[in-house]
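Protein chains: 2
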Amino acid sequence: MKWLVRVDTRSGKISRTEATSEEMRWGGRMFIAKVLSREVPPICDPLGRNNKLIFAVGLLGDTPITTSGKLSVGAKSPLTHGVKEANTGGEAGKLLARCGIKALIFEDAPDKPMPRVLKLTATGAELIDAPELARKLVSETFSLLRKQYGPRAGLLCIGPAGEMTMAGAGVSVTDANDVQVRYAARGGLGAVMGSKGVKAIVVDDSGAEPATCMDPAAMKDAAREFAQVLLADPKTDNRHTFGTPAILALANELGLLPTRNFSSGSFEGAEALCGETVAKVIAERGGEGRSGVRCLRGCIIQCSNIFPNPSGKKSVASIQYENIALLGSNCGIGDLDDIAELNHLCNEVGVDTIEAGAALGVAMEGGVIPFGDAEGAKDLLRQIGQGTYLGRVLGNGSVMTGKILGVRRVPAVKGQAIPGYDPRALKGNGVTYVTSAMGADHTAGNGFETVRTIPPTGREGHIKSSLRLQIRAAILDSLGVCLFVRPAFIKKPEFFSRFFAARYGWKVSVDDVIRMGFDVLKTEQEFNRKAGVSAEFFDVPEFMRTEPLPPKNALFDIPLDEMQSLWTQEIPENVF
Amino acid sequence: MKWLVRVDTRSGKISRTEATSEEMRWGGRMFIAKVLSREVPPICDPLGRNNKLIFAVGLLGDTPITTSGKLSVGAKSPLTHGVKEANTGGEAGKLLARCGIKALIFEDAPDKPMPRVLKLTATGAELIDAPELARKLVSETFSLLRKQYGPRAGLLCIGPAGEMTMAGAGVSVTDANDVQVRYAARGGLGAVMGSKGVKAIVVDDSGAEPATCMDPAAMKDAAREFAQVLLADPKTDNRHTFGTPAILALANELGLLPTRNFSSGSFEGAEALCGETVAKVIAERGGEGRSGVRCLRGCIIQCSNIFPNPSGKKSVASIQYENIALLGSNCGIGDLDDIAELNHLCNEVGVDTIEAGAALGVAMEGGVIPFGDAEGAKDLLRQIGQGTYLGRVLGNGSVMTGKILGVRRVPAVKGQAIPGYDPRALKGNGVTYVTSAMGADHTAGNGFETVRTIPPTGREGHIKSSLRLQIRAAILDSLGVCLFVRPAFIKKPEFFSRFFAARYGWKVSVDDVIRMGFDVLKTEQEFNRKAGVSAEFFDVPEFMRTEPLPPKNALFDIPLDEMQSLWTQEIPENVF
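As they're listed, the protein sequences go chains A and B.
Be aware that the first sequence starts at 1, since it is given in our numbering, and climbs by one per residue.
Be aware that the second sequence starts at 1, since it is given in our numbering, and climbs by one per residue.
Keep in mind that the hints were calculated from the coordinates and are not lab data.
Note that the coordinates shown come from a computational prediction; the quantities given were computed from them, not determined experimentally.
Ideal placement from N, C-alpha and C gives every residue a C-beta, glycine not left out.
Careful, some of the hints might be misleading.
[Said to hold, decoys possible] Result set (DSS-like, lysine-lysine): computed pairs, CA atoms no more than 25 Å apart in a straight line:
(1) B:LYS119 / B:LYS147
(2) A:LYS492 / A:LYS530
(3) A:LYS522 / A:LYS464
(4) A:LYS464 / A:LYS507
(5) B:LYS492 / B:LYS464
(6) A:LYS530 / B:LYS530
(7) A:LYS530 / B:LYS522
(8) B:LYS530 / A:LYS522
(9) A:LYS147 / A:LYS314
[To be verified] Heads up, incomplete: computed chain B residues facing chain A, CB under 8 Å, no partners named:
(10) ASN50
(11) MET164
(12) LEU390
(13) ARG392
(14) ASN396
(15) GLY406
[Said to hold, decoys possible] Examples of chain B residues toward chain A, derived with CB under 7 Å:
(16) ASP45
(17) TYR389
(18) LYS403
Produce the entire structure from the sequences given, and follow the hints as far as they go.
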């Protein structure tokens, strides 16, 4: 895993170079932060010729470690106008690693982007015109690609939203069995891909050499032990059984569940949407429905599911907490089948469910359709794919929707929609949304895991905690492992050193790894500073400082300058 | 002229306080810069509760000096997100001055803005619900207000675009005879007015004391002499005869006339649109048509016109260079009657013609209608007033239109459309667009007046020249006089001292005045720095650095950091 493949999307020229020794030390999110900083002018047009779209495998992407192989996608974001990394499960990351490809970098842009497919193998790369894929939905695209490129290929693509460069568009990936669609959803990276005239990427590892570790036996031992530690953690079992919706009941109880465009933190229909109900419905309906599904080969957590419709046919895979929160309670929609269909429609047109759900909530507040109108919401999501003017507005996200409809209450920070944790009732996440270079992104440092130790509506402890969580996330995102393996690293941080030694022969201490995570964050902050999107300019939405959130009637009251002080702090103790 | 009237648009409470001695020294644009800096959080939502909308009379607003009485309107702009001042002729400024009102400040905002009228008199102020004005066009609104408030009242209002808080909305004003509609057009101030729930302002000076000067005789002498100097300048005569369209032929010859979404700097139909043609058509058609019309009582330049349709009925008053450039050549439309109607439609729905024309050009490039489709363009402008989704997109300006339609070539700087001077062929204006706190705004420092002394496509001399022009503009905008009186001040800068001495009894040197202008600019820059919209983050559009502009095939090639150096320079010599 040493190749960097660069595709000039204007001339069509493709080059393949070996990573330098410095670049070899970068992976996933870190690779993106470093290359954007080195090569992309921070004030460039995110959809213009100077932005670059990067796919980077994590540092441990070609190992047998469970969940390794998550793929980081990054660029300057058309939504936040800052650095953006979104990572995803699915097969493509692992296959890129198997082809020896560390990163794929799309450069420049054609004047008139037309759909093309980039085909990657262990030895070559080809950019192929694919007019037949124009404006195709994601499932149609994958189905056509599967026919053409065979069962072995890893597939990534954008939907019509990405082709139309809508700032809410994501990049989708298939899993091993074409059952799930996974997404590098946030920040509009699908729009950047669309601006480059790339509809899909096909990765075929036929004939690739098997990946090698410096010390395969040590890697095997460490990976096995890591899995055991992880399996012993009760969180793993909970995620396996109930998936990410496991947290919904608690989110509702804590009064932080987005409801009707963030006008309440608790939803009267929460019980019908919680993890227990999801699991029960799946079990009762049977058919294609299943809990405990993998998004990545070799994952032992298996938090995904296949959510069936009443006849047992797959409605969407996988239904998750954020989707239920944003497309469900946030839209006043309390029926899981409706939410599953809305989720599926987002996956089909190719938009981030969080951004789309928030945009729908804003549109409902703006009177386009009433709260709770599931059929109306489905129609609006279809309009995104059709590219109607309203559809284009919604597909460009919650902030744009608010501007066009004249709605002032827009739940977004730095241009990006707030995920399923209202910062008024979980202040740590407000700190993360404001201070992270990623904008409103729970995966950048999710305070939900601290609700039992740091009072979520209190004012104390959130800044240090957010910084700690942000460093953790930056590390795991750079290794290319799922955030859900965190418990194993917390229990035994020495796994970092063992993994690096076994994979690369590097001597790396836990402190080195923590410093690496901090360096990733600082690099991202510096890019954003030069891009003009520092934390000092973007607070939580004004209404969250003046409008108490029922039922806890919490306000967000941490001053902006106090939050900014996060970036003047030293690395806290006990990151791992 | 010493009263500050503050209207709390949430509670409806109105207060009236006397200006402090410090505030007495602020007028027009300077008043806005100072009060925004003092009272408005730079990162606030421009359409939210923390922004303030300010109407400020210039320091010489209550004098007999020709063109005095221009009214400055300002706020944090929803288009640029920085400080914005747009000033306008029309009767309202003079009438406010006559009522002794130095400035009017709208504060806070209602949750659900409904149309209201603020009625101002010499002694009182009243906020009146006016549901009958909801979504009324500008002419309908003025007509209803005129009936209700009588022939003497000065009227300001917003159109439906402002009510729907579209970021391209302006604030319109009547002239003395209800013939012309003038606009504080740029930067979306109409949207800010809409967000405050204020549809119109009525100023009735019945019973007001006549304005007094410290030394009326000296003022009379100075004002008379000033008018004579101005009348002796050949530019004045040219403006009187041909209006602002006088410059079109030269703009076309220099290759800087926006044509088909800034893809050319010269238009094959320019002759049919130039000042000579405008004057000829008006003279030939007769009827209500007239050249040499005043927008402000007492103006001796009289650059306005009433443009008649073929039957001699008023089509629009006044047709001007920017409107012809942006709604005409920039849209590939070469018929003056079409342009007049487009101009009128902008005035009716209440949007800035420059922003709307640029948005139409982008929409044409995006394939919504073809270039040259005048009927299609009229329909699109009507849609702004109707609030269709496409209309809302267009009404929110060129940048928003580009985002929604996926068009990369968007002629805007800092979110605001570039006026009728392509910076590739007039580099001084590129410098102004980038460095001015106002964004792409020719009135902030128009290099067109230097085309004979500084080669417009050359790289030299533009930075110092732009700074000089920006200081001049800031001074005149703070005095409340038209930029077209500049020649008289250039010829005899001592008029500044004479005016201040006669009006206020102040001893003010020309250098003091120049320092005042520089201070206004620095104050605005500082607001923008805190708002995150400094020049360092906003270059000219990328395509202007890579796509040569025919017929001169000029590129914009002044580096951004060189332009930024403008704000590290000392005050240049010969500002006046």
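Evaluated hints:
no.	hint	verdict
1	B:LYS119 / B:LYS147	holds (14 Å)
2	A:LYS492 / A:LYS530	violated (38 Å)
3	A:LYS522 / A:LYS464	holds (16 Å)
4	A:LYS464 / A:LYS507	violated (29 Å)
5	B:LYS492 / B:LYS464	holds (22 Å)
6	A:LYS530 / B:LYS530	holds (14 Å)
7	A:LYS530 / B:LYS522	holds (22 Å)
8	B:LYS530 / A:LYS522	holds (22 Å)
9	A:LYS147 / A:LYS314	holds (21 Å)
10	ASN50	holds (7 Å)
11	MET164	holds (5 Å)
12	LEU390	holds (4 Å)
13	ARG392	holds (5 Å)
14	ASN396	holds (6 Å)
15	GLY406	holds (4 Å)
16	ASP45	holds (5 Å)
17	TYR389	holds (4 Å)
18	LYS403	holds (6 Å)
Of the numbered hints stated above, those contradicted by the structure are hints 2, 4, listed in ascending order.
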